[in-house]
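Novice: Be aware that the sequence shown starts at 4, since it is given in this note's numbering, and climbs by one per residue.
One or more hints might be untrue.
[What the hints assert, rightly or not] Now the in silico label distances, taken between C-beta atoms and shown as ranges:
{"hint": "1", "residue 1": "132", "residue 2": "42", "range": "16 to 22 Å"}
{"hint": "2", "residue 1": "142", "residue 2": "107", "range": "46 to 52 Å"}
{"hint": "3", "residue 1": "111", "residue 2": "81", "range": "18 to 24 Å"}
{"hint": "4", "residue 1": "107", "residue 2": "7", "range": "29 to 35 Å"}
{"hint": "5", "residue 1": "55", "residue 2": "34", "range": "15 to 21 Å"}
{"hint": "6", "residue 1": "30", "residue 2": "10", "range": "29 to 35 Å"}
{"hint": "7", "residue 1": "134", "residue 2": "95", "range": "32 to 38 Å"}
{"hint": "8", "residue 1": "141", "residue 2": "108", "range": "39 to 45 Å"}
{"hint": "9", "residue 1": "132", "residue 2": "55", "range": "37 to 43 Å"}
By construction, these hints were calculated from the structure, which means they are not laboratory data.
C-beta: ideal position from N, C-alpha, C; glycine also.
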Amino acid sequence: MNRMHWPPRPDLGLLCLRLCGAFLLLAVHGLPKALNFRASLLTIEDPLHLGAYPTLLAAIAAEVLCPLLIAVGWFTRLACLPVIFLLLVALLFVHPEWTLEQGQFGWLLVAIFFSLAVAGPGRHSLDAHLARRQRRAYSLAGGHSP
Numbered sequence: 004m005n006r007m008h009w010p011p012r013p014d015l016g017l018l019c020l021r022l023c024g025a026f027l028l029l030a031v032h033g034l035p036k037a038l039n040f041r042a043s044l045l046t047i048e049d050p051l052h053l054g055a056y057p058t059l060l061a062a063i064a065a066e067v068l069c070p071l072l073i074a075v076g077w078f079t080r081l082a083c084l085p086v087i088f089l090l091l092v093a094l095l096f097v098h099p100e101w102t103l104e105q106g107q108f109g110w111l112l113v114a115i116f117f118s119l120a121v122a123g124p125g126r127h128s129l130d131a132h133l134a135r136r137q138r139r140a141y142s143l144a145g146g147h148s149p
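Could you build all of it, start to finish, from the sequences and the hints given here?
Specialist: What follows is the structure, given as structure tokens:
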């Protein structure tokens, strides 16, 4: 049997993780909260006792702004941190009674965003593009590329 050799494509894998994770978080949690802001104010849990309004703003930032940054690969590692924090608070403090099966979507999102925080955005990202541009400009100016 003739087997084709497919070289590993970690950067493509990281792009898929970024896009899928960001889309799922944005579509399932972020956009519904942002588009139904007033209704969300009445229903949001406040486990850290910050008040409904600050808690909702923080949740929207973590579930709308951060996924957008992650999707384009800009400040990806930093943008993953509020998402991971929010998910862990939800899983451990808001829904401590959930079984692993009930919380599997949240735990999978934690795994995705933790992996991205550790690995970084990969080559197909705005961060990588800006770094390449900066190195090119530096070398054209007569400096040595770091």
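Novice: All hints, please: hold or fail.
Specialist: Each hint tested on the structure:
{"no.": "1", "hint": "132 x 42: 16 to 22 Å", "verdict": "violated (39 Å)"}
{"no.": "2", "hint": "142 x 107: 46 to 52 Å", "verdict": "holds (48 Å)"}
{"no.": "3", "hint": "111 x 81: 18 to 24 Å", "verdict": "holds (21 Å)"}
{"no.": "4", "hint": "107 x 7: 29 to 35 Å", "verdict": "holds (34 Å)"}
{"no.": "5", "hint": "55 x 34: 15 to 21 Å", "verdict": "holds (19 Å)"}
{"no.": "6", "hint": "30 x 10: 29 to 35 Å", "verdict": "holds (32 Å)"}
{"no.": "7", "hint": "134 x 95: 32 to 38 Å", "verdict": "holds (36 Å)"}
{"no.": "8", "hint": "141 x 108: 39 to 45 Å", "verdict": "holds (44 Å)"}
{"no.": "9", "hint": "132 x 55: 37 to 43 Å", "verdict": "holds (39 Å)"}
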